[in-house]
Amino acid sequence: MGDQIQFIVEKLNQEPFRKNYNLISFDSLESLQLLQLLSDVLGEIDPKHAVDIREELPEQTVKRMLNLLGILKYKPPGPVSDLSAFRQGLVTGSKAVIHPVLHWLLQRTNELRTRAYLARFLVKLEVPAEFLQDDTVADFNKQYEELMEAFRNLHKEHEQLKISALSTAEIRRDISAMEEEKDQLAKRVERLKKRVETVQNHQRMLEIARQLHLEKEREESLAQQKQEQKSQFFHGEQRLQRAQVQLKEIQDMVADSKPESLMKILQEEINFNSYLGTEKIARELESKKTSVYFLQKVVAEPAMTQADLTALESELGEVNAQIKQLTEKRMIKYEPADSQIPMYRQQVSIISRKKEAKAEELQAAKEEVASLKRQMEQKNHQAHELQGSEVLTENELKQYVSKLRSKNTFYKKKRQEMAEIAAECGILQRTEELLRQRHEAVQQQQQEIEEKRGISGYSYTQEELERVSAVKSEMDEVKGQTLDNMSEMVRKLNAMVAEKKASLAPVIKELRQLRQNCQELTQECDEKKMQYDSCTAGLESKRSALEQEVRGLHEECAQEESNYRYINCMKRSVEIQLQRAKEEMKAYVSSDAQERRRAVREQYTRIILEQENLGKNLREKQKVVRESHGANMKQMKMWQDFEQLMECKRDCFLKQQNQAAIGQIIQEGGKDRLVL
1 MGDQIQFIVE KLNQEPFRKN YNLISFDSLE SLQLLQLLSD VLGEIDPKHA VDIREELPEQ
61 TVKRMLNLLG ILKYKPPGPV SDLSAFRQGL VTGSKAVIHP VLHWLLQRTN ELRTRAYLAR
121 FLVKLEVPAE FLQDDTVADF NKQYEELMEA FRNLHKEHEQ LKISALSTAE IRRDISAMEE
181 EKDQLAKRVE RLKKRVETVQ NHQRMLEIAR QLHLEKEREE SLAQQKQEQK SQFFHGEQRL
241 QRAQVQLKEI QDMVADSKPE SLMKILQEEI NFNSYLGTEK IARELESKKT SVYFLQKVVA
301 EPAMTQADLT ALESELGEVN AQIKQLTEKR MIKYEPADSQ IPMYRQQVSI ISRKKEAKAE
361 ELQAAKEEVA SLKRQMEQKN HQAHELQGSE VLTENELKQY VSKLRSKNTF YKKKRQEMAE
421 IAAECGILQR TEELLRQRHE AVQQQQQEIE EKRGISGYSY TQEELERVSA VKSEMDEVKG
481 QTLDNMSEMV RKLNAMVAEK KASLAPVIKE LRQLRQNCQE LTQECDEKKM QYDSCTAGLE
541 SKRSALEQEV RGLHEECAQE ESNYRYINCM KRSVEIQLQR AKEEMKAYVS SDAQERRRAV
601 REQYTRIILE QENLGKNLRE KQKVVRESHG ANMKQMKMWQ DFEQLMECKR DCFLKQQNQA
661 AIGQIIQEGG KDRLVL
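Numbered per full-length UniProt numbering, the sequence shown spans residues 1 to 676.
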């Protein structure tokens with residue numbers, strides 16, 4: 001209970017209540033304040049209930065709260081499960097009733113707010129059956145139910161969209177980004193249009209570019225169709241290969257066997273299939289039907305306890321023992337002692353069981369073979385998708401192995417040649433190194449000789465001149481080739497331009513004629529458009545006038561219909577009130593006491609008396625509290641003084657203990673000095 005009150009106080013101190021309660025102040029709230037607090041919490045859930053309870057009668061307050069709690073599906077806890085006790089607790093503002101209600105409401109405020117909102121539209125208005133006999137009322141009631149169902153579906157879709165859809169900020173960012181991209185694209189299109197308009201025959205070029213785009217799209221679609229046809233062709237080849245393999249297997253089997261053996265194999269397969277169809281499957285079907293019958297029978301029976309199951313098990317054991325005894329008696333009675341029928345029966349049962357086991361094994365083997373074939377087909381398809389090859393047959397595998405052996409021999413031969421070339425390369429590298437060393441020695445000797453003769457650097461200069469002349473000759477050759485290539489390219493471009501001009505000459509003539517036709521058609525189109533616009537404007541003005549007139553008539557009709565229905569409803573409500581008044585008068589003037597007790601006046605009179613008695617009791621309690629208030633306050637003051645006196649005594653006692661401890665320490669110090 002303490003945790004519950006603490007939770008209520010924490011929630012009430014938060015938004016949107018901000019009551020600034022503590023445990024003591026909340027526990028000291030009076031009944032009227034508790035009821036107002038409960039009304040405030042209910043008003044936060046449903047704004048219609050945000051009212052001051054002092055401005056309404058207690059019966060109206062309790063009725064309003066009970067109605068909303070019933071809509072919110074609140075169930076009173078154990079001690080106040082009686083509805084009358086719960087209602088009485090609400091009237092008196094009992095803490096045992098209001099605290100659990102507040103705890104339950106504050107635990108699930110958001111959920112209850114949604115439920116209260118939906119209840120405004122989904123709580124069905126009960127229409128009396130006699131009113132539903134009217135066709136108009138029945139139609140309105142049906143339309144009302146359809147609208148309720150439509151609102152329920154729309155609310156579900158709204159909740160799903162709130163969960164799954166993007167946030168508003170993200171949508172706005174996306175929209176702004178798309179608008180910026182749209183502006184950029186529009187500016188780019190404008191720039192491209194301006195650039196294109198300066199080009200001669202830009203309309204013709206745009207038309208050609210559009211046709212080129214269409215042709216490219218057509219080329220892509222044709223390429224896709226080509227790929228699909230290739231895939232279909234590949235699948236057809238696969239099916240053909242499988243059919244050829246099966247045909248080859250059948251031919252090999254026919255070639256290696258005789259008609260008698262084939263007939264024997266077919267006969268065995270027919271026998272096996274007939275056994276499966278007539279005996280095994282029929283027996284399994286019969287057992288399944290029996291088990292289903294017993295299961296349905298068990299489901300139809302009422303639930304059994306453990307004692308019932310124990311009794312059934314004992315009964316089943318007794319019945320099995322009786323069956324065994326009867327079987328033994330029958331065997332002793334109808335079969336002689338030296339009869340071999342039991343042995344034959346046992347052998348037949350063993351053979352039948354073996355037969356069933358072998359049939360199951362054969363069926364499992366066939367299923368395994370079929371699954372392996374399917375897996376093989378899937379692997380072949382996967383290998384083809386991965387640009388792999390088909391699974392090889394036995395003959396293809398032999399050919400592949402022989403080809404691999406020949407390639408292996410060729411590889412070994414080439415490997416030996418590569419080893420010889422590598423050895424020769426090593427010898428040549430060593431020779432090159434020796435020659436380089438000798439060259440360096442000769443160059444060093446030459447430099448020494450040049451220095452002695454006074455012409456140092458002559459050999460290096462000579463080598464540089466030879467290298468530069470060689471590079472110059474290569475560059476001249478490249479330039480000559482480049483000039484030849486450029487002249488050839490210019491010649492080809494001139495030829496292509498002449499060819500294009502010759503091919504475009506008839507097209508240009510045709511384009512001129514088409515431009516003239518286009519101008520004539522454009523002029524005619526403008527004239528027709530002006531006529532169409534004038535006719536459309538006249539018809540539009542007439543239509544708007546007629547629509548306005550029809551709208552006014554519809555509104556007048558709707559207003560009159562609404563007035564009629566309002567008057568009709570008021571008439572029926574007045575009739576109902578008159579009927580209730582007649583029944584009340586009849587009950588009030590009746591001589592039967594039981595009938596008079598059911599009158600509304602008598603009921604309200606009893607309620608008023610109860611409330612007067614309740615007010616009288618409350619006033620007496622208030623008087624007693626006021627009379628004992630002074631004495632209680634005096635007693636509380638005395639207890640406070642007594643508490644202060646005890647605190648003073650405790651402080652004095654603690655000070656005395658501290659002083660005694662300090663004196664003892666001083667005495668012990670003096671004794672130590674005397675000893676020294």
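Heads up, a few of these hints could be off.
When the alpha-carbon atoms are kept at most 35 angstroms apart in a straight line, the in silico DSBU-like pairs for lysine-lysine are as follows [to be verified]:
hint : residue 1 : residue 2
1    : Lys-452   : Lys-472
2    : Lys-586   : Lys-95
3    : Lys-414   : Lys-398
4    : Lys-288   : Lys-398
5    : Lys-248   : Lys-95
6    : Lys-366   : Lys-288
7    : Lys-63    : Lys-414
For the record, the hints were derived by calculation from the structure and aren't laboratory data. What you are looking at is a predicted structure, and each value in this text was computed from that prediction instead of being measured.
Exercise for the section: Hints the structure violates: just list their numbers, smallest first. Expected result: Result: hints 2, 4, 5 and 7 break, sorted rising.
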